[in-house]
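Position chain H with the ligand relative to chain P; hints supplied.
Here is what each chain is made of, one letter per residue.
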Amino acid sequence: MAKRILITDDALFMRVTLKNILTQNGFEVVGEAANGREAVELYSSLKPDLVTMDITMPEMDGLEALKQIRASDPQAKVVMCTAMGQKNMVVEAVQNGAKDFIVKPFQPERVIEAVSKLLAA
Amino acid sequence: MRAEFVNPFVQATCDVVRLTMGTEPKLGSLSARPKIFTATEFNVSCGIVGDLVGGVLYGLSSETAYSVAKQMLGGMEEIPDELSTSALAELGNMISGNTSSKLQALGFVCDITPPSIIRGTNISISTIDIPALVIPIELGAHGSLEITVSLKERAAVKAA
Ligand SMILES: [Mg+2]
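Respectively, the protein sequence lines represent chains P and H. Counting in our numbering, the first sequence runs from 1317 upward without gaps. Counting in our numbering, the second sequence runs from 14 upward without gaps.
For reference, chain P alone in the conformation it holds in the complex (with noise of 0.2 angstroms):
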């Protein structure tokens, strides 16, 4: 069975991006969320074999998202995907339990690359 994966953008213009290169690659995309609480909220509805996060977002950003989803199943499989490419940034996220950290804009097949690692796994 295809693997089940939350988006998280507050960009539809991502969301669209990530959804194509998900599902040509034979993922499921169970969800679509444009900012932190929505994806806390669907996180717990849908349970995703994975989530993407971006981080810059109305309402609530995706590090605070993040420390909530890893909080209520501390194992999560949470992949940042964010434009905020700087050190405090990635340091913050794998401190709090982000499995990779990938920097827009990224190539379609990073993505496929660290979605895969953590799914095989």
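By construction, these hints were calculated from the structure, which means they are not laboratory data. Backbone N, C-alpha and C fix where the C-beta goes; we use that ideal spot for every residue, glycine too. A few of these clues could be false.
Ranges between beta-carbon positions, derived for each pair [unchecked claim]: (1) P:1317 / H:144: 37 to 47 angstroms; (2) P:1376 / H:36: 28 to 38 angstroms; (3) P:1317 / H:49: 58 to 68 angstroms; (4) P:1362 / H:42: 50 to 60 angstroms; (5) H:76 / P:1425: 27 to 37 angstroms; (6) P:1391 / H:44: 52 to 62 angstroms; (7) P:1404 / H:132: 32 to 42 angstroms; (8) H:45 / P:1426: 45 to 55 angstroms; (9) H:39 / P:1404: 24 to 34 angstroms.
Straight-line alpha carbon distances no greater than 27 angstroms define the calculated DSSO-like cross-link-like pairs of lysine-lysine that follow [what the hints assert, rightly or not]: (10) H:165 / P:1403; (11) P:1319 / P:1383; (12) P:1415 / H:115; (13) P:1403 / H:115; (14) H:115 / H:39; (15) H:165 / H:115; (16) H:165 / H:83; (17) P:1403 / P:1415; (18) P:1383 / P:1335; (19) P:1415 / P:1335; (20) P:1335 / H:83; (21) P:1335 / P:1363.
Here are some of the chain P residues that sit facing chain H, going by a computed Cβ distance under 8 angstroms [said to hold, decoys possible]: (22) 1326; (23) 1327; (24) 1399; (25) 1403; (26) 1418; (27) 1421.
Chain H with the ligand only, in chain P's frame:
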């Protein structure tokens, strides 16, 4: 504005343009904005907060905006307005995010705010008391991108 803040914007813009538009960007000549200036027809605005405060405006003509959005969407025909607007907003977000990584390498830790869009003709913009600089970037066949940057060190803002 300090000259050392310009290069991170130029480098980040060039990196993002090469990856998203497949075109080789060219830097034009920098100039200072007058106190009040007229914006281009399509603008993405991002705030910058942290060791530096201020904002950046990415300005495009309507034709350039359409051409860039179409390229970012893989040449899709019939692009819904919501999707092309989102692509350009994300372009501003990506350039701002990559810039903030480069600013951190210079010792300035900053966060950026989600982008907002300003569209229309004859829109007057003023950055009030933070003088603004224009960084023009040629995007090959797409046209040009005008980056208006107004940034101050936080301590300098407090002292003012
Ligand atoms: Mg975002």
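Verify the interface restraint on residue 1326 of chain P: the C-beta must sit less than 8 angstroms from at least one C-beta of chain H. With a closest approach of 6 angstroms, the residue 1326 of chain P hint holds.
Below or equal to 27 angstroms on CA atoms is what counts here, so check residue 1335 of chain P against residue 1363 of chain P. Holds, at about 18 angstroms.
When the nearest CB of chain H is found for residue 1399 of chain P, is that gap smaller than 8 angstroms? 3 angstroms, holds
When you take the CB atoms of residue 1404 of chain P and residue 132 of chain H, is the distance between them in 32 to 42 angstroms? With a Cβ separation near 34 angstroms, residue 1404 of chain P and residue 132 of chain H satisfy 32 to 42 angstroms, so the hint holds.
With a cut-off of 27 angstroms on the C-alpha distance, tell me whether residue 1415 of chain P and residue 1335 of chain P pass. Roughly 20 angstroms separates the two Cα atoms, so the pair holds.
Verify the proposed pairing of residue 1335 of chain P with residue 83 of chain H, using a straight-line Cα cut of 27 angstroms. It holds: about 18 angstroms lies between the C-alpha atoms, which stays within 27 angstroms.
Go ahead and decide if the range 52 to 62 angstroms is satisfied by the Cβ distance of residue 1391 of chain P to residue 44 of chain H. Because 54 angstroms falls inside the window, the suggested range holds.
Taking the CB of residue 39 of chain H and the CB of residue 1404 of chain P, does the distance hold inside 24 to 34 angstroms? With a Cβ separation near 32 angstroms, residue 39 of chain H and residue 1404 of chain P satisfy 24 to 34 angstroms, so the hint holds.
Tell me if the straight-line CA distance from residue 165 of chain H to residue 83 of chain H falls inside 27 angstroms. 35 angstroms, violated
Taking the Cβ atom of residue 1362 of chain P and the Cβ atom of residue 42 of chain H, is their distance within the range 50 to 60 angstroms? 52 angstroms, holds
Starting from the range 28 to 38 angstroms, see whether the pair residue 1376 of chain P and residue 36 of chain H falls in it by beta-carbon distance. Once the Cβ atoms are compared, 36 angstroms apart, the range 28 to 38 angstroms for residue 36 of chain H and residue 1376 of chain P holds.
Starting from the hint 58 to 68 angstroms, judge whether the C-beta atoms of residue 1317 of chain P and residue 49 of chain H obey it. Holds, since residue 1317 of chain P and residue 49 of chain H (Cβ atoms, about 60 angstroms apart) stay within the stated range.
The structure fails hints 1, 8, 16, 26 (numbered hints given earlier, in ascending order).
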